[in-house]
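Trainee: Chain G is fixed; fit chain X onto it per the hints.
Same order as they appear, the protein sequences are chains G and X. If you're matching positions, the first sequence starts at 1 in the working numbering and goes up one per residue. If you're matching positions, the second sequence starts at 1 in the working numbering and goes up one per residue.
Derived from the structure by calculation, the hints contain no laboratory data. Just so you know, not all the hints are guaranteed correct.
Computed footprint of chain X on chain G; a stretch qualifies when at least three of its residues, placed anywhere within it, have a C-beta under 8 Å from a C-beta of chain X [said to hold, decoys possible]: (1) 60-74; (2) 82-92.
From the derived model, a few chain X residues whose C-beta atoms are all more than 10 Å from chain G [claimed, not checked]: (3) I7; (4) K78; (5) A155.
Ranges of calculated distance between the beta carbons of each label pair, as one might list FRET restraints [what the hints assert, rightly or not]: (6) A125(X) x K95(G): 48 to 54 Å; (7) E142(X) x A96(G): 31 to 37 Å; (8) M69(G) x S97(X): 25 to 31 Å; (9) L80(G) x P126(X): 31 to 37 Å; (10) I57(X) x G4(G): 26 to 32 Å.
We treat Cβ as the ideally placed atom computed from N, Cα and C, and that holds for glycine.
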Amino acid sequence: MSIGIEQGMLLAAILFLTGLTGLLVRRDVIFMLMSVEIMLNAAGLAFIIAGSRWGQADGQVMFLFILTMAATEVSVGLALIIQLFMKFKSVDTNKANTMNG
Amino acid sequence: MNTLFYISSAIAVFATLKVITNKVAIHALLYLIASLLSVAVVLFILGAPFIAALEVIIYAGAIMVLFVFVVMMLNLGKETILDESNMLTKKMFMGPSVISLLLLAEIVYLLIQQSIVPLTMKMIAPAEVGQLLFTKYLLVVELGAFLLMSGIVGAYHLGEKEKLVHHRFLKTGKDIA
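If we strip away everything but chain G, and leave its shape as in the complex, we get:
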């Protein structure tokens, strides 16, 4: 018996929903960014599984684009976190609820 598409998709779904739960629960910006990373990775895994289902390379190409986007997003996000920390001396999103500059 080989691995079916269900097992792979189930793994991707579990990872994605774990990331979603983390994003909703945590208040620390670093953890929120990490949860977004988990979710992007799970979406890429789903693309690879779909590519493996059809035996095509398109899924892997899409994973490359997701990787590019994740790298950009992390660099900008971490720069924003540093700015937030310099301004509020904290990485708690609840402390950053004012919009004065």
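Mentor: Frame of chain G, contents of chain X only:
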């Protein structure tokens, strides 16, 4: 191959759960690296060796190291951990967990509805991916280049410290007013 797939999936799920429940940022990051490495094993089993290598090199190697650098640079003390432990109660986890479990139940229901389709598990060589990347998806590659360029510029602009000298005649920002 099956056993390997199940073992690495179990490690991935466990490590990811530890990431979202951990209080210390650096421990969570190390768990996330473990999770990404086990996902790389899954990708290798599914017949994507090139992507598995990229997952190790770029995700676990570059992106996570960037996270580690920032966490070390911010040097978050005990107060942050205390704040987090005050926030991370069972009550906080209730709502999001219920939503996620409902969505998971829906996905499982949809998956067991249809007949089992085995994956081809055919090894897709990097050459095949590269050929597709630079013929069919060439435009998207260029858009990705734009995105990376704007990411570099944005990170540089956001990351720099506030300027002390605004103009050579106005030494501090207060002189403007």
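Trainee: Run every hint past the structure and note whether it holds.
Mentor: Hints and how they fare:
| no. | hint | result |
| --- | --- | --- |
| 1 | 60-74 | holds (count 13) |
| 2 | 82-92 | holds (count 7) |
| 3 | I7 | 12 Å, holds |
| 4 | K78 | 13 Å, holds |
| 5 | A155 | 4 Å, violated |
| 6 | A125(X) x K95(G): 48 to 54 Å | 50 Å, holds |
| 7 | E142(X) x A96(G): 31 to 37 Å | 35 Å, holds |
| 8 | M69(G) x S97(X): 25 to 31 Å | 28 Å, holds |
| 9 | L80(G) x P126(X): 31 to 37 Å | 34 Å, holds |
| 10 | I57(X) x G4(G): 26 to 32 Å | 29 Å, holds |
Figure legend: structure checked against the earlier numbered hints; the only hint not met is number 5.
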